[in-house]
Each structure stands twice: as structure tokens, then as C-alpha cells.
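From first to last, the protein sequence lines stand for chains U, A and C.
Quick note on numbering: the first sequence equals residues 1 to 203 in this note's numbering.
Quick note on numbering: the second sequence equals residues 1 to 203 in this note's numbering.
Quick note on numbering: the third sequence equals residues 1 to 203 in this note's numbering.
To be clear, the hints were calculated from the coordinates, so they are not data collected in a lab.
From a predicted model like this one, the values you see are computed outputs, not experimental measurements.
All clues given are correct.
The list cannot tell twin chains apart, which means a pair is met if one copy fits it or any two copies do.
Derived DSSO-like pairs (lysine-lysine); straight-line CA-CA distance at most 27 angstroms:
| hint | residue 1 | residue 2 |
| --- | --- | --- |
| 1 | K196 | K143 |
| 2 | K143 | K25 |
| 3 | K25 | K150 |
What follows is each chain in one-letter form.
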Amino acid sequence: MDFVLLVIEILAILVSAYAGMIEAKRQDFDFVGISTAAMVTAFGGGTLRDLLLDRTPLFWVENYQYPIIIFFLSMIALVAFRYNKELFRQRVMLYIDALGLGLFSAVGVGIALQLNTPLFPAVLIGVITATAGGVLRDILCNKIPEVFLKTTQLYVTCSFIACWFYIGFYLLGYGEIIGLSVCILVAFVTRVLAVKLDLSLPF
Amino acid sequence: MDFVLLVIEILAILVSAYAGMIEAKRQDFDFVGISTAAMVTAFGGGTLRDLLLDRTPLFWVENYQYPIIIFFLSMIALVAFRYNKELFRQRVMLYIDALGLGLFSAVGVGIALQLNTPLFPAVLIGVITATAGGVLRDILCNKIPEVFLKTTQLYVTCSFIACWFYIGFYLLGYGEIIGLSVCILVAFVTRVLAVKLDLSLPF
Amino acid sequence: MDFVLLVIEILAILVSAYAGMIEAKRQDFDFVGISTAAMVTAFGGGTLRDLLLDRTPLFWVENYQYPIIIFFLSMIALVAFRYNKELFRQRVMLYIDALGLGLFSAVGVGIALQLNTPLFPAVLIGVITATAGGVLRDILCNKIPEVFLKTTQLYVTCSFIACWFYIGFYLLGYGEIIGLSVCILVAFVTRVLAVKLDLSLPF
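Chain U with its partners taken away, still in its complex shape (with noise of 0.2 angstroms):
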């Protein structure tokens, strides 16, 4: 089980690296921006996450090999990018992302909660955890956060309730591996959902 949290946590992390390169390709940034961009996308929200529980030390400073990955799947998307190739189809992407999205919210609120944070502010600490790289990126970007918009499909939703489910296993008394399953199933079944029926908050 801990071997398929792993892969899914670094198919994760290269994949939302990946969405953050596409977009600072949009920007026409140079690979200064794009690894930049890369890395803030993959670790903003759990840097959030740490910081705002005062964790120390980052989880990017500790398994230093993900950002050095990072940095060097930047420059393989660059000559990908040359040849106007992509690393990963599109649709890969959806499905690995949202396997991210459960897979993050999980861990940030099974850490708020082990630090005795009260259950909101603990839901509220997992869906940053999952969602906060990609506004992090927006802003660098100088862009409306997308997940902001009304016209983006479900995603911090998503997360939002995939937590819910991970406190109420939680609540009953369940092992953290129930909770964690949970999680990821229901955010990646609400997300696929969402984008496959193109649902969005209609407020």
C-alpha cells in the first residue's frame, strides 16, 4: 500500500510540475520561469501547508529528490516542447491529477489533524494542501486563478468534500489507510465526474 501511495504521489507531483510548465509556456517564460513555475505548481501547497502549521523542515527540503527531478523533467519539457511534443496526453493528466488531488487533501488533513487542529480549519489545511500550488502558479503568472472561475469544472470542491469523507472515516474510528482510500476515490470520482460532464458551481 505504501508502495502505491508513492508512485501515486510522484505521478502527482510530476504531473501538476507539468501543468505548471505548460502554463508558464503560455507566458513565454524562459527556463528560469518554467522550472520556477514547475515547482511552485507541485510544492506551493504543501509548502502552504507546513508553513501555515509551522512543520519544519519542508517536505521539499526533506525528500530533496523531488525538486531536483523537478528541475531536470523542466529541462526534458523544454526540447519536448521544441518539437511541440507532449509528455503526458491530456487525458493521462486528468486521471493522475485527480488521483493528486485525493491523494494531497488526505495527507494535509491527516497532518492538521494529528496536530490537534479543530476539524474545519483541518479541511480548510487539506484543501490548501491540494490546491493552493496551482493559485500560487496563477498569481506568478499574473492570471485570475482559475479554480476561481465559473467557468472552471469542480476542483477545490472536490477536494473540499473528499476531505469531509476523510474526517467522518476519521470520526468513526477507522485506520488512516480507510480514510486515505476514501479520500482519493472521492475526489478522483467527483473530479472525473466533473470534467467528463463539464459540471462547475453554478454560483
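The hints should help you fit chains A and C onto chain U, whose structure is shown.
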């Protein structure tokens, strides 16, 4: 007195959250964007203060009722917006916001002084506590922060002056309640005057 | 040597604060905006480093003279701007800024290594210390961060290379002063060359 301060705090948080929602509404944000803008406006300054001073847990984690209240207020506001109704009148908002400006300035300086922050940085932290939420909201909305513009009536300046009054009474050995009351009074009077007389920095 | 470093530090802080003011002036900010932009440009990188490494008190709280100096410099600059005078010549600014780029890179990596940060994240923190202030200022001014654009002459890259030189000399067992000097030298030479020869990242 404590009760009066609590009432001011709650009203000021509600009013600044509401100001965040109005701005978000202008950008045509959905519910995710509106509630985020509300929370960032209301809690951004205090959160930045807590991060800069390395305080933990954050005040909105400890007082977890506040984010819950704002979450539900966002829902009510959404309905009100639909019927073009205003939850608070413009004039009422000015008065409450001016009280909050003074209160949060005083709280910020007070906490900074308790942690042995030298005077000038303590004043900066008071100003940040009272005004950074609005700056962060404007960044989220991809706007130039309003308080930096020449056309904006004195706001940060009122907080800055009020903070120095707090420091003055603190150095003179007066109790915290006196300093707090004077700080709120000065911020309130200067801010209301600035709006009524349309005063802004000439440079 | 300590005295030389202190002089470089003060000059570099003044120059980056001044660069912040110029940018703020271009946006037609008032005094609040100009002094905020000055402080964010000068202290933003170091503040982010201290937050990420969980160091307390922040360096501008400890060295409280710096924000005071910048506050009064902002006032002087306002008067100078009015008479269209420049406080620093463009060429002088380039040289001092290039020295500061090296100094702050070295200080950032050095502190990170002291706190047992692995090498790659330590370099990132060095680069953040030296360059994040300008990025935060551009975000405040609602602009795309200049250092991310293809048209910008090497800046972050110079800091990145200089940080690795610091790490190299550190691993070879040389003292801190050697590492620091080499780091400053490398950043200075590469940055000045980049500007003189108009070098930017080709991708």
C-alpha cells in the same frame, strides 16, 4: 471591556470578509473564489503576522468558529447578491471597518511587543495585521492593491499613526486597555475623516 | 572583512529598495505603495528564507535599523523623484546590485547548510534569498515577474551558478570567507557580463 472588544472583532471580521466577497463578485468568481476571497481578506493580515512572528497555532485555527462563520456568511451573501441586496450598508461598513482597522493594528503591535520585537518592526507588524488581508485579496483578484494608489483615501496611514499612539502610551507605562482604546480611537477618527473629507496622500 | 561585507550588505539593500521604489513610481503608487515596494524588494527574499527555514526572529526584526533606513530613504526618494533626480546612477546600481546578488545568495546557502539542508534545496534557498524580493515586488505591482521573461538578462541563473560555487568550496573544506568571496565574485562577473553582452537564456 473584553466583551466590547470581542464584539468589535467579530463585526470587523464580518465586514472585511464581506468586502472580500464584493470584490470577488466583481471579478465574477464562483463560490470557491468568493469564500476564499472572504477568508483571505479577513484572516490574511493576522495569518501573515503569526507567520512572521512564528506564532502557532494560527488564530483562525485556534478560533475555528471564525472560518466556519465566514463560510456560511459567504453562502448567505451569494443569495443576497442574487437579489441585489446588500448585507451591510456602505456607511455602516465604513464605521465598522474603521474600528477593526484600529483594533487589529493594536492587537498586532501588542503581540509583537510581547515577543520583544523592537518598536519600528512592531509598528510594521501592526500595520501588516490590519491591512495585509486587503492587499492579498487584491493580488488574488489580479488587481493592483488598492491601498497603494494615490486615489485611495488614507487607510494604511491611519493604521500607522494609530500604531505609534499605541507605542507612545505603552512607553509611558499605561495599561494595555488604554493603549488599545487610544489606538482604536485614532484609527477610527483619522479613517472616517479621510473618507468624509476625501483625503489621500498627496505624493 | 566583516566590515566590507557589512558595507556591501547595506549598499545592496539600499539599491534593491531603490529599484523597488522606481518600479512603484512607474505604477503611480503613493508613499504607502512606494515604501512597501521598497521593503518588499529589499527584505522579501530574506523573509521568505527565514519563513522556509523556520528561523526567528526575522532578520529585519533583529536588524531593525534596516526598515527604518528604508522608510526614510523612501521619503528622500519621493523628493528626488519630484525633481527628476536619480539617487543612484544606472551603472552604479548594476554593480552594487550584482555584488548584493552574490552576497545574498551566499548568505542564503550558508544559513541553509548550517541548518542541515541537503545541497539542492540549500541552493534553491540561496537563489530565493537573492531573487524572491524582486518577484514579490512584481506581484505587488501586478506585473509578470521580470526575471521569468526571455528578454531579461541572466539574473536568477547567475545566483544559481554562484550558489553551486559556494557549495563546491564548502564541500572542499574551505572556510566560509573563501566560499562567500567566490560566490560574490562569480555572481558579480556573470551578472555584469550578462548585462554588458545582453545575454539571456535562449530557451
